[in-house]
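Enquirer: Assemble chains D and C onto chain B, guided by the hints.
Sequences listed follow chains B, D and C, in order.
The opening residue of the first sequence carries number 270 in the numbering used here; numbering runs sequentially from there.
The opening residue of the second sequence carries number 7 in the numbering used here; numbering runs sequentially from there.
The opening residue of the third sequence carries number 108 in the numbering used here; numbering runs sequentially from there.
Hints listed in this document are in silico derivations from the structure and should not be mistaken for laboratory results.
All C-beta atoms in this analysis are idealised placements derived from N, C-alpha and C, irrespective of residue type, glycine included.
No false leads were mixed into what you were given.
So the derived list for chain C, only partly shown, Cβ under 10 Å to chain B, looks like this:
id : residue
1  : H328
2  : D340
3  : E341
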Amino acid sequence: MIKAERINFSYGNQNVLKQVELSVEKGCFISVIGPNGSGKTTLLKNLCRLLQPQSGEVKIDALSIKAYKPKMLAKKMAVVHQEIQNTFDFNIHEVVLMGRYPHLKALQNESAEDLKIVEKTMHLTGIHHLRHKSMSTISGGERQRVMIAKALTQEPDLLLLDEPISHLDLKYQLEVLKLCKSLNREKQLTILTTLHDINLAARFSDVIILMHHGEIVKVGPPAEVLTSELIRNVYEVDVTVIHEPHLLVIPH
Amino acid sequence: MKTFMKKIIAVMLVAMLLWSSVPTVFAANLAVDGKMQNVITELAYGRTYVSTQSLKAFGLQTAVSGSKITINNSAVKFEFTSRSNKVKVNDIELTLDAEAYIKENIAYVPLKFVFETLNYTVGYNANTRAITLTKNAELSFPLTITDSGETYTFTKTAKKIVSLAPSITEILFTIGAGELVVGRTKYCTYPAETAKVPSVGTLYEPNVETILDLEPDTVIAATHMNEEVLAMLQKAKISTLTQASPAKIGEIYTLIAQLGKLTGKNFEARAVISSMKAKEERITSIVKSIPASQRKTVYYVVGTGKSEYSAGRQTFIHEILTDAGCINVAADVDKWNYSLEKLIEHDPQIIIGADYSYDTMKGSSNYSSLSALKNGSFVTVNTDIFSIPGPRVMDYSMKTIIQKIYPNYAGNLRF
Amino acid sequence: MEIQLKRRNNFIKITLLLAVLVIMAIFAVTQGNVKISVPDVVKITLGLDDSTTIKASHSFIVMQVRIPRILLSLLVGGMLSVIGTIFQALFRNPMADPYVMGVSSGAAFGATIGILFGVGGTFLGMGMVSMLAFIGAMITILCVYQLARVGGKVSTTGILLAGIVINALLSAAISFLMILFHNEIDRIVTWTMGSFGAASWEQLGLIFIPAIVGVGYMMTHARELNAMVMGEDEARALGVSVDRLKKVLLILASLLSAFAVSVSGIIGFVGLIVPHFFRMVFGSDHRVLIPVSFLGGGLFMLVCDTLARSLLNSMEIPVGIITALFGGPFFLMLLQKHKRRSEGI
Numbered sequence: 270m271i272k273a274e275r276i277n278f279s280y281g282n283q284n285v286l287k288q289v290e291l292s293v294e295k296g297c298f299i300s301v302i303g304p305n306g307s308g309k310t311t312l313l314k315n316l317c318r319l320l321q322p323q324s325g326e327v328k329i330d331a332l333s334i335k336a337y338k339p340k341m342l343a344k345k346m347a348v349v350h351q352e353i354q355n356t357f358d359f360n361i362h363e364v365v366l367m368g369r370y371p372h373l374k375a376l377q378n379e380s381a382e383d384l385k386i387v388e389k390t391m392h393l394t395g396i397h398h399l400r401h402k403s404m405s406t407i408s409g410g411e412r413q414r415v416m417i418a419k420a421l422t423q424e425p426d427l428l429l430l431d432e433p434i435s436h437l438d439l440k441y442q443l444e445v446l447k448l449c450k451s452l453n454r455e456k457q458l459t460i461l462t463t464l465h466d467i468n469l470a471a472r473f474s475d476v477i478i479l480m481h482h483g484e485i486v487k488v489g490p491p492a493e494v495l496t497s498e499l500i501r502n503v504y505e506v507d508v509t510v511i512h513e514p515h516l517l518v519i520p521h
Numbered sequence: 007m008k009t010f011m012k013k014i015i016a017v018m019l020v021a022m023l024l025w026s027s028v029p030t031v032f033a034a035n036l037a038v039d040g041k042m043q044n045v046i047t048e049l050a051y052g053r054t055y056v057s058t059q060s061l062k063a064f065g066l067q068t069a070v071s072g073s074k075i076t077i078n079n080s081a082v083k084f085e086f087t088s089r090s091n092k093v094k095v096n097d098i099e100l101t102l103d104a105e106a107y108i109k110e111n112i113a114y115v116p117l118k119f120v121f122e123t124l125n126y127t128v129g130y131n132a133n134t135r136a137i138t139l140t141k142n143a144e145l146s147f148p149l150t151i152t153d154s155g156e157t158y159t160f161t162k163t164a165k166k167i168v169s170l171a172p173s174i175t176e177i178l179f180t181i182g183a184g185e186l187v188v189g190r191t192k193y194c195t196y197p198a199e200t201a202k203v204p205s206v207g208t209l210y211e212p213n214v215e216t217i218l219d220l221e222p223d224t225v226i227a228a229t230h231m232n233e234e235v236l237a238m239l240q241k242a243k244i245s246t247l248t249q250a251s252p253a254k255i256g257e258i259y260t261l262i263a264q265l266g267k268l269t270g271k272n273f274e275a276r277a278v279i280s281s282m283k284a285k286e287e288r289i290t291s292i293v294k295s296i297p298a299s300q301r302k303t304v305y306y307v308v309g310t311g312k313s314e315y316s317a318g319r320q321t322f323i324h325e326i327l328t329d330a331g332c333i334n335v336a337a338d339v340d341k342w343n344y345s346l347e348k349l350i351e352h353d354p355q356i357i358i359g360a361d362y363s364y365d366t367m368k369g370s371s372n373y374s375s376l377s378a379l380k381n382g383s384f385v386t387v388n389t390d391i392f393s394i395p396g397p398r399v400m401d402y403s404m405k406t407i408i409q410k411i412y413p414n415y416a417g418n419l420r421f
Numbered sequence: 108m109e110i111q112l113k114r115r116n117n118f119i120k121i122t123l124l125l126a127v128l129v130i131m132a133i134f135a136v137t138q139g140n141v142k143i144s145v146p147d148v149v150k151i152t153l154g155l156d157d158s159t160t161i162k163a164s165h166s167f168i169v170m171q172v173r174i175p176r177i178l179l180s181l182l183v184g185g186m187l188s189v190i191g192t193i194f195q196a197l198f199r200n201p202m203a204d205p206y207v208m209g210v211s212s213g214a215a216f217g218a219t220i221g222i223l224f225g226v227g228g229t230f231l232g233m234g235m236v237s238m239l240a241f242i243g244a245m246i247t248i249l250c251v252y253q254l255a256r257v258g259g260k261v262s263t264t265g266i267l268l269a270g271i272v273i274n275a276l277l278s279a280a281i282s283f284l285m286i287l288f289h290n291e292i293d294r295i296v297t298w299t300m301g302s303f304g305a306a307s308w309e310q311l312g313l314i315f316i317p318a319i320v321g322v323g324y325m326m327t328h329a330r331e332l333n334a335m336v337m338g339e340d341e342a343r344a345l346g347v348s349v350d351r352l353k354k355v356l357l358i359l360a361s362l363l364s365a366f367a368v369s370v371s372g373i374i375g376f377v378g379l380i381v382p383h384f385f386r387m388v389f390g391s392d393h394r395v396l397i398p399v400s401f402l403g404g405g406l407f408m409l410v411c412d413t414l415a416r417s418l419l420n421s422m423e424i425p426v427g428i429i430t431a432l433f434g435g436p437f438f439l440m441l442l443q444k445h446k447r448r449s450e451g452i
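Just chain B, same shape as in the assembly (with noise of 0.2 Å):
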């Protein structure tokens, strides 16, 4: 459902990103890795046109992503990002109900319709207990599953992570993840994200992108990417890689 072709991108004269082609098919669990300066966070940011490619384009659906006004492309996909640096209090349920912006019009008051999909999200996220506290006062781990909870409330097809899970305590790491690959599972939610985590990565994902210096090195099913001389190219890292009871990468 979402396709880059031959994405160059330049920060100046840096180049970051060198021909990067690849396809995300719907309802798919798509994890990006790779060593830091690889360009992941790039890519996701072209992918959901934060920032726009010196040449080649990024099409949605089959039509090309400048296409989108900026609310028809944020009922298709949802953003989160690593964390936000919030100044002023809103409360949980002010933040969740920011999500349903791109439904509304300018005047226009939330509707009970709105608000029962706030109720749905909150639910689904397991934050709807916290729904009149203020975001400074819960936990990292609370506060990232709100920011899902608010790209949930976009009702977007595809949903793009930014290192959601990086300063997360393990117990957190585990309950985001879980709740993205369920709500895969359950909902066909296209996912797409970025991870620093290569184990989690294989636990998590149908499929793994592996990026070194600004390219695609391989595409595919965990088994297929993590082995430990793409790894030890790419991460300049010895491993032993096993496959039972499940992919495990473990560093020399």
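Expert: For chains D and C alone, coordinates are given in the frame of chain B:
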């Protein structure tokens, strides 16, 4: 033999002295608007006097009672006192630089003063050796005053005035228009009667409500006031007049004359101007007699400390200093900005300023090289008075300079 | 439903605020340096005055001096607060106030030029000095905008920095001019301290429509501002046209602040503290916060100006001093709260 000669010389000297102070009588020629007239005049104290009897020919009534000399017509009244330089014109009191006197039952009063007050221009024709008197045009309304490119028209005399400048307030009271002043700024503190007049704030932050409540017909300011406030006053049908602050002594006379016209106190205004001009003339002649070698270099302190402010060219204080025979070292700049370095380089003989300026200078090593400070040649004056371009320019400012800097010549001031 | 309850609560609070404002405005008409009795004031306002029972000057004072001044202070206070609210959201910076784009120093510079070199005369109720202040503010806004622009986008950090630089430059220029023309220092400093002393119906007529239209338009973008507060990227992901929004709101808000400054000089703290105060009471939802800031800012300014013109009998205190006296302690409180919160994390 020697002592005898000394005695003769002494007697001759005394006789000469007595002779010079005795008024010389002569029947002079007077040309009034071209027509010749004969009047009795005398020369005394360096001024021409006219006998009160001669004034009858000009439609004036005169009376002498004891030492009181009264001259009046339907519009104006003079009250001189013999052997005194004080005179009363209508309700105002002035000091002149010459005394009226009575000799052999005839009263003599200063000619120029009386006729200038009566709206004549007094001159002297050297060819015909006659004093010329030319009547000036009488005042009538509408009155047009032009100032700094703006023209103001008045259709009648002002009856209730709010004054927004100390110089204006002072002049109004001096010409006897004090009871027309219904409002003043908090800085208008001279003369003492101003204390009874309510304050309306300051020029830049006037209290519009208070001004309006006083229901004046005219508001006068000395410098541009806030335009929106101006518009508000005009909306309330109040006439406004903005006069640029005088930068020359001559402009002070113009200002006094205009305020006299505006308030209908024309005789008083002309009297004040005449007395000021006479004093100015006397000071000029005194200064002429001071030899160049005795002239002092001076510096006037407007402000000191962090930066130096003095009276450069194009300020009326500069004119005061030079007219009073001083050499103003700050004449190498225009207006008010000066510099410490220049002051040190010029090293004036005398520094004139307020006592707090003296403290500032004494308290800082920056000024330690100035010989005026080392020699104790700092002349303390009231700089508030100095900074007001008004009648006290003669009576206080110039007089103080002569007295403090050329004390040997101060005896000739006569006021 | 909770939201209905919340909306009802807000409605009540806003109505209360409006009521206080109206009462305060009525009270303010009776205050001033000239004592005019309350029944007289009522008669004059209702047009029932005749010159026999009430002094003509009193009627003039009430109708031409006090009432336009009260309305003007309400309007300007409201404008400044709304602008402050908008800037605080756009820049995601609690320290942002209406003058971040250099409007204050630009206007002060224009006014200084007007005071030193200008001729007199008024145009549509605005004196020369006010006109030049407005022009100065506009030119400064354009300069800051250009400096901060990269391609088609405007960087908020860029604006803050450019604003600081231009403020510094112009302030230095003004100080220099004050030294050169040091006998006009009084006049220049008085102007910068802010005052409604010159208020008139003409001035009110001039800014009334731009103010209402401007604030109204900004209201329509309230929801987008909520999203902006979460972050520019967040807002974009939600479908907000961030770059267009920034451009439009920045220019519109700066334009309104230029109007405000040219009419009343530089009055600080209103645009800074009023939004913060009402955020604490009403929350951060801009759909409520903007109208509330407008009302609250107007009320605050009205109170300060009424004090400014009636506290001392002999003179007017520049209203900027009163707002600072209120604002300073409040700001300290804010800092304390912020410190405590950040230490708690």
